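Using the sequences plus the hints, can you model the full thing?
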Amino acid sequence: MKRAACFLISVYAAAPVILYLLPWILGHVIFCHFLKFPFSVDLSRPADVLNHTCNFYLSPEEGVSVGVWHTLPASQWEGSVGRGPEWYREALGDGRPVIIYLHGNLGTRAIHHRVELVKILSAAGYHVLSLDYRGFGDSTGEPSEEGLTRDALCLHDWVLQHSRGSAVALWGHSLGSGVATNTAVKLQDQGTAVDAVILEAAFTTIGEVVAIHPVTKMYMFLPGFESLIWSILHMNNIVFASDKNLQTVSSPLLILHSEDDHIVPYQMGLKLYEISLQAQKQYKTDVQVEMISYSADLGYSHNNIYLDPNLTNKLG
Numbered sequence: 005m006k007r008a009a010c011f012l013i014s015v016y017a018a019a020p021v022i023l024y025l026l027p028w029i030l031g032h033v034i035f036c037h038f039l040k041f042p043f044s045v046d047l048s049r050p051a052d053v054l055n056h057t058c059n060f061y062l063s064p065e066e067g068v069s070v071g072v073w074h075t076l077p078a079s080q081w082e083g084s085v086g087r088g089p090e091w092y093r094e095a096l097g098d099g100r101p102v103i104i105y106l107h108g109n110l111g112t113r114a115i116h117h118r119v120e121l122v123k124i125l126s127a128a129g130y131h132v133l134s135l136d137y138r139g140f141g142d143s144t145g146e147p148s149e150e151g152l153t154r155d156a157l158c159l160h161d162w163v164l165q166h167s168r169g170s171a172v173a174l175w176g177h178s179l180g181s182g183v184a185t186n187t188a189v190k191l192q193d194q195g196t197a198v199d200a201v202i203l204e205a206a207f208t209t210i211g212e213v214v215a216i217h218p219v220t221k222m223y224m225f226l227p228g229f230e231s232l233i234w235s236i237l238h239m240n241n242i243v244f245a246s247d248k249n250l251q252t253v254s255s256p257l258l259i260l261h262s263e264d265d266h267i268v269p270y271q272m273g274l275k276l277y278e279i280s281l282q283a284q285k286q287y288k289t290d291v292q293v294e295m296i297s298y299s300a301d302l303g304y305s306h307n308n309i310y311l312d313p314n315l316t317n318k319l320g
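If you're matching positions, the sequence shown starts at 5 in the numbering used here and goes up one per residue.
Just so you know, these hints were derived from the structure itself, not from any lab.
Careful, some of the hints might be misleading.
[To be verified] Okay, derived cross-link-like pairs now, DMTMM-like style, lysine to aspartate or glutamate, Cα gap no bigger than 20 Å in a straight line:
#1 K123 x D98
#2 K318 x D199
#3 K190 x D247
[Claimed, not checked] Okay, the calculated beta carbon distance ranges per label pair:
#4 Q286 x L164: 27 to 35 Å
#5 S48 x A128: 21 to 29 Å
#6 Q192 x R7: 19 to 27 Å
#7 D52 x T316: 36 to 44 Å
#8 D264 x S69: 33 to 41 Å
For clarity, every value in this text was computed on a predicted model and none was experimentally measured.
Heads up, the beta-carbon is just placed ideally off N, CA and C, and yes, glycines get one too.
As structure tokens, then:
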């Protein structure tokens, strides 16, 4: 018993030292890209978990390949049988709205709650492009904030090339909310504002999420530990500052957040909403800014807002 206690104390004491000596570890913990759940799914064969879907790959930069699933809207289901990638690309220009889905950390585009959301959006008449960022799923390369944003920009550019002017929205969940706001700002700077931004379980900055994580809280009383965490995040250029981004994003915005979210507190979504309303007033725009809150009684927590039976009716 004494030996076990000493071992646990040693492990506890070693963690800050390891972080200091190997700061890249924090990035791996944030992205969790090495956990490629579900292991049983062949991502090149989306039909195993998702019908009316084509798999393809894009190259945001030399040496990087990212996997994408294109799921058709209901109007195209019947005609998609036996069709290949070229037919899917052509179908993207049918005038139906397009959603680029940017998922959270850990796992792949085949995780259950991601697949279920895509099914709902597809049935409601949307084209859905689900992206596994670099290092995730069957995508090559190593993740970074800049890299994930570049992957999303590449997919957005590809969609614009093939969608013939259809409305294009970014849907970011959890970590993907940071990717979505980064991407929206970049597109706006380029003069190509995205048609809408949907943020599900969104945080203010990634550092504020890390700071309240139960494991991190165990060390916060140690002098200098909080400063160490923030310095490592900045050293690795991992910020995902959605609070800053939404001060300038001019696209219509919808925020979805559950009050019982145990990963990203509801108050963070509320703060983003307030920032967006303030920006709307400051710039005197009439762009739509809306937040939909889900009662804790529903039990949607962090990943299950797709269970809202009226979800697609709220997309406008």
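**Non-conforming hints, listed in increasing numerical order** = Failing hints, ascending: 6, 7.
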